[in-house]
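Engineer: Sequence:
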Amino acid sequence: MPCKGGFRGRIEEGKKRREREREHENSAERKYWLALIDRIYKTPEGIGGLSHAEKTYYAVSCLMGEVYNGGFEQYFSNSSGELYGLALDGLFEFGAEKTAGLLAQAKEVLFGDLPVPTDQSGRQKLMPTLGNDSHPAWGKLDVLDKAFYADTDQLTEKCAVYAAHHKLYKDS
Numbered sequence: 001m002p003c004k005g006g007f008r009g010r011i012e013e014g015k016k017r018r019e020r021e022r023e024h025e026n027s028a029e030r031k032y033w034l035a036l037i038d039r040i041y042k043t044p045e046g047i048g049g050l051s052h053a054e055k056t057y058y059a060v061s062c063l064m065g066e067v068y069n070g071g072f073e074q075y076f077s078n079s080s081g082e083l084y085g086l087a088l089d090g091l092f093e094f095g096a097e098k099t100a101g102l103l104a105q106a107k108e109v110l111f112g113d114l115p116v117p118t119d120q121s122g123r124q125k126l127m128p129t130l131g132n133d134s135h136p137a138w139g140k141l142d143v144l145d146k147a148f149y150a151d152t153d154q155l156t157e158k159c160a161v162y163a164a165h166h167k168l169y170k171d172s
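My numbering numbers the first residue of the sequence shown as 1 and each following residue consecutively.
By construction, these hints were calculated from the structure, which means they are not laboratory data. There could be a bad hint or two in this list.
[To be verified] Restricting the straight-line Cα-Cα distance to at most 27 Å, the calculated cross-link-like pairs of lysine-lysine (DSS-like) are:
no.: 1; residue 1: Lys98; residue 2: Lys140
no.: 2; residue 1: Lys98; residue 2: Lys42
no.: 3; residue 1: Lys125; residue 2: Lys140
no.: 4; residue 1: Lys167; residue 2: Lys55
no.: 5; residue 1: Lys146; residue 2: Lys158
no.: 6; residue 1: Lys42; residue 2: Lys55
no.: 7; residue 1: Lys140; residue 2: Lys42
no.: 8; residue 1: Lys31; residue 2: Lys170
Every value quoted in this text rests on a predicted model; they were computed, and no experiment measured them.
Given only the sequences and the hints, what does the whole structure look like? Please build it.
Structural biologist: This is the structure in structure tokens:
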């Protein structure tokens with residue numbers, strides 16, 4: 001018999017969610033990601049010490065994380081935005097043309113025809129949305145964010161296929 005207040009269902013869903021989180025924490029993907037972050041931030045070579053496949057995986061993963069967390073505006077305003085070129089090339093390499101188009105459109109909304117500056121402060125100075133919550137660019141970005149969230153290219157799956165093809169998880 002179901003719980004009158006519906007608490008039992010929420011408790012069971014919470015248990016399932018925690019189990020999925022535990023599985024993810026112990027996955028080859030998660031172990032690889034943590035090792036990759038260590039190599040980037042705790043070695044003198046940094047991102048320059050990564051192979052092409054590793055850089056591509058990292059750039060696309062950062063794009064996904066930032067956009068899912070706060071949209072394209074967050075992606076470009078944070079340090080991950082320096083990876084724009086790598087992420088765009090990576091999306092094409094993944095076969096994620098629709099998502100690449102969304103990224104290019106977001107770049108156009110924020111920077112027009114200008115190249116995306118690689119330094120964070122340079123990007124932020126050019127972004128019309130920073131410090132202007134009523135700028136019309138927000139509406140355009142909202143549409144692009146929602147299209148990204150629809151995930152028509154199935155980026156998570158494409159990342160996994162790419163990682164498997166390039167044997168990225170082998171040492172993790």
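Engineer: Run every hint past the structure and note whether it holds.
Structural biologist: Hints, verified against the model:
A hinted pair counts as satisfied when its Cα atoms are at most 27 Å apart, and Lys98 with Lys140 qualifies at roughly 16 Å. Only pairs whose Cα atoms come within 27 Å are accepted, and Lys98 paired with Lys42 is rejected, the gap being roughly 34 Å. With a C-alpha separation of about 19 Å, the suggested pairing of Lys125 with Lys140 holds against the 27 Å cut-off. Our distance criterion of 27 Å between C-alpha atoms is met by Lys167 and Lys55, whose separation comes to about 14 Å.
A threshold of 27 Å between alpha carbons decides the hint, and for Lys146 with Lys158 the separation of about 19 Å falls inside it, so the pair holds. As the CA atoms of Lys42 and Lys55 are separated by approximately 16 Å, the hinted pair is consistent with the 27 Å bound. Our distance criterion of 27 Å between C-alpha atoms is broken by Lys140 and Lys42, whose separation comes to about 38 Å. With a CA separation close to 10 Å, the supplied pair Lys31 and Lys170 stays within the 27 Å bound.
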